[in-house]
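Please arrange chain E on chain R, whose structure you already have, making use of the hints.
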Amino acid sequence: MSVDLASGAGSETAFREWLEKAARNAEGFVIPVGALVAGLAVFGAFLLFLGKSPFDFYALVYKAGFGTAFSWENTLSRTAPLLLAALCVALPARLGLVVIGGEGAIVLGGVAAGAFAMFAPDLPGPAGMVGMALFAACAGGIWIGLAGALRHLRGVNETISSLLMAYIAIAIMNHLVEGPFRDPASLNKPSTAPLAESWRIGSIPGFDVHWGLAVGVVACIVSWVLIERTSWGFAARIAGGNVRAAQVQGLPVGRLIIGFTALGGAFAGIAGMIEVAAVHGSANGSLAAGYGYTGILIAFLARHNPLAIIPVAMLLAGFEASSGLVQRRMDLPDATVLVLQGFVFVAILLSDTLYGRFKLFQPELWSRS
Amino acid sequence: MNETDIGLWGVPLAIIGGAIRVSTPFLLVSVGECLTERSGRINLGLEGTLVFGAMSGYAVAYQTGSPWLGVIAAAIAGAVFGFAHGWMCKLSRVNDIAIGISLMILGMGLAFFFGKPYIQPVAPDLPSIPFGWWSDLPQVQAALRINVLFLLAIVVAILMGRMFRSTRIGLMVRVVGDSTDAARALGFHPDRVRLFSTAVGGALAGVGGAYLSLYYPGSWNEGISSGQGLMAVALVIFARWNPVSCIWAALLFGGAGALGPALQSIGVTQGYYLFYAAPYVLTLGVLIATSSTSRAMAGAPGALSITK
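Residue numbers (my numbering), protein chains in the order written: chain R, 7 to 375; chain E, 2 to 309.
The set of hints was computed from the structure by calculation and includes no laboratory data.
A couple of the hints might just be wrong.
Unchecked claim - In silico contact screen, one side only, chain E against chain R (beta carbon under 8 Å); selected entries:
1. Leu92
2. Leu104
3. Leu111
4. Phe114
5. Val234
6. Tyr274
7. Leu275
8. Val282
9. Thr284
10. Val287
11. Ile289
12. Ser292
As the list claims (entries may be wrong) - Derived BS3-like pairs (lysine-lysine); straight-line CA-CA distance at most 30 Å:
13. Lys58(R) - Lys117(E)
14. Lys117(E) - Lys69(R)
15. Lys365(R) - Lys27(R)
16. Lys58(R) - Lys69(R)
17. Lys195(R) - Lys117(E)
18. Lys365(R) - Lys91(E)
Bear in mind that the values here come from a model prediction, so they are computed numbers and not experimental data.
For each residue, glycine too, the CB sits at the ideal point set by N, CA and C.
Chain R extracted, bound-state conformation:
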């Protein structure tokens, strides 16, 4: 419009393009963060309604989850399974599938790791860990891949089937851990035989955080590259947008569905293996700790972007790490974290309706001068 642009026209266009791109990208960041804040605010109002101070609550969460080196270590140790559990939701979600049974893959992965340790106890440590991870990945991958296969081959709704299979998986775990795979020495809490010391996953040097965190972060990065930078990921995104169009283009939709669900399940299975080898030391009922369900919320908050899963998982791990202290100090029941998660989950889903409603995020607004 103005005349003085003549000299700087090149940089002006570049700047406009940058603004357009920024506006387009900002929407996908501002809306979820706003929804997260709104969910936390609603939970704060809920606490206020009960006569508790939300400021004390969030201050305590910060202190116990992120305030000190010790609390960071606690938070990061809990992040590992959450990263992998969230991938089990996010990867199929890019194909338009809502898989919510990651808990089943975690549980079976843990049992498979425990079983591998029982049948091949003489292997050296590193081989044992690789073997456990492979067994766990196969168990989880087959389990969730089956939900994907049922979806593709029989049209069975994957949301319902995967959650039903999670209940079945927990029953199988209870059966195996209390029956055929039970270590006779585990009296009060039926478990598989404890892992040899050399089979246990140790800490990252310098931190009191086990290597599972690194595995989870690498899995997220690999998943991001797979989705955003490979032809497989591109095909999956097309199929997620419009299955018909993908089929017309001749994309192998069935193989994509089964492959992505199986990969997600394999990650969740490895989460179970990490829980066994780094935390519990044997497979037992503690495997069904609800990581799979928290993973659903993380994936939705991260908008199924594997890289965004990393900070979101850390945040929710911090909430879980602080829950014990917060509950004791403020005299709240242990379901408090679940209520918090519920409010945040509803808020993030409601925010879906806001996309495209703000002029600020429309590239056209910035392209015109």
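Below, chain E alone, put in the same frame as chain R:
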């Protein structure tokens, strides 16, 4: 001693009695979900509604001393959850399946949060009618002691079947469920019809929860429901969106759920956990058998997202 009198006959008898007892929450939830799905919405959050209904019903029954007030409270709580679901799904681009999952988590969270003080106290039970008075066998009497809510659920299912077939309201719900555009053209308000269908569905699920905590198993704890609400959703597909078929489907699922305890009562302890998984396996098997990729499911409402 009575156990030995009839020997292995105790197993089928326990399964029949158990089927009636266990099936009631299935029936209530699935009949409610039937209405919701016939209007073109799916509410996967009924698991949370069921648990919250169980808690609120138990709490109110304990505080007032009247189990029926508990049932009413559970119905109101369930209707509120259904209303919330229906209202949120009205917004554009909000996914009804995902909203259901989030309300499942929120409902369970709120139920455990407020239900903590009610785990210990004992609330009054709902009354049941002894239909087994003609028999001398205590097992038969136990099997045929039928709760009022079961009979109520059957009446609701039959009335709803009639409603869909031959009333104006039923026709309106069916039109809305089959085609949003056609419903609009006829002057109906699809969102409003779905809102009320979801609210009524939630209320019935809440009553199902009250049955769990006030009759069978008859106490409130955090493990009171393990997927019954979700299985009921699958059961509606099996029943082909027909409320009367829901009765038979619920009895079948109830029988599967009663298999574990029935076998345990005659001393079968091997594979205890696997028998407890029977209802889930049955649900999955039924889903696999009745779903298809190539043709639309017979009787499926056209606007339902789950069958597309």
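> Can we keep the Ser292(E) interface hint, with Cβ of chain R closer than 8 Å?
Replying inline: holds (4 Å)
>> Check the hint pairing Lys365(R) with Lys91(E) against an upper bound of 30 Å on the C-alpha distance.
In response: holds (23 Å)
> Given Leu92(E) was flagged as interface, is its beta-carbon under 8 Å from a beta-carbon of chain R?
Replying inline: holds (4 Å)
> Can Ile289(E) be said to touch chain R, with a Cβ gap under 8 Å?
Replying inline: Ile289(E) check passes; min Cβ-Cβ to chain R is 5 Å, inside 8 Å.
>> Does Val282(E) hold up as a contact with chain R if the rule is Cβ-Cβ below 8 Å?
In response: Hint holds; Val282(E) Cβ to chain R Cβ min 6 Å, cut 8 Å.
>> Let's test the interface hint: is any C-beta of chain R closer than 8 Å to that of Leu104(E)?
In response: holds (7 Å)
>> A closest beta-carbon separation below 8 Å is what the hint needs, so does Thr284(E) meet it against chain R?
In response: holds (5 Å)
>> Please check whether Val234(E) passes as an interface residue: C-beta within 8 Å of a C-beta belonging to chain R.
In response: Since chain R brings a Cβ to about 6 Å from Val234(E), closer than 8 Å, the hint holds.
>> Tell me if the interface restraint on Leu275(E) is satisfied: Cβ within less than 8 Å of some Cβ in chain R.
In response: Since chain R brings a Cβ to about 5 Å from Leu275(E), closer than 8 Å, the hint holds.
> Quick one, are Lys365(R) and Lys27(R) close enough, alpha carbons at most 30 Å?
Replying inline: Roughly 14 Å separates the two Cα atoms, so the pair holds.
> Within a Cα-Cα threshold of 30 Å, do Lys58(R) and Lys69(R) meet the stated pairing?
Replying inline: holds (18 Å)
>> With the threshold set at 30 Å, check whether the alpha-carbon distance from Lys58(R) to Lys117(E) stays at or below it.
In response: Since the Cα atoms of Lys58(R) and Lys117(E) sit roughly 17 Å apart, the hinted pair holds (cutoff 30 Å).
In summary, the one numbered hint that this structure violates is 10.
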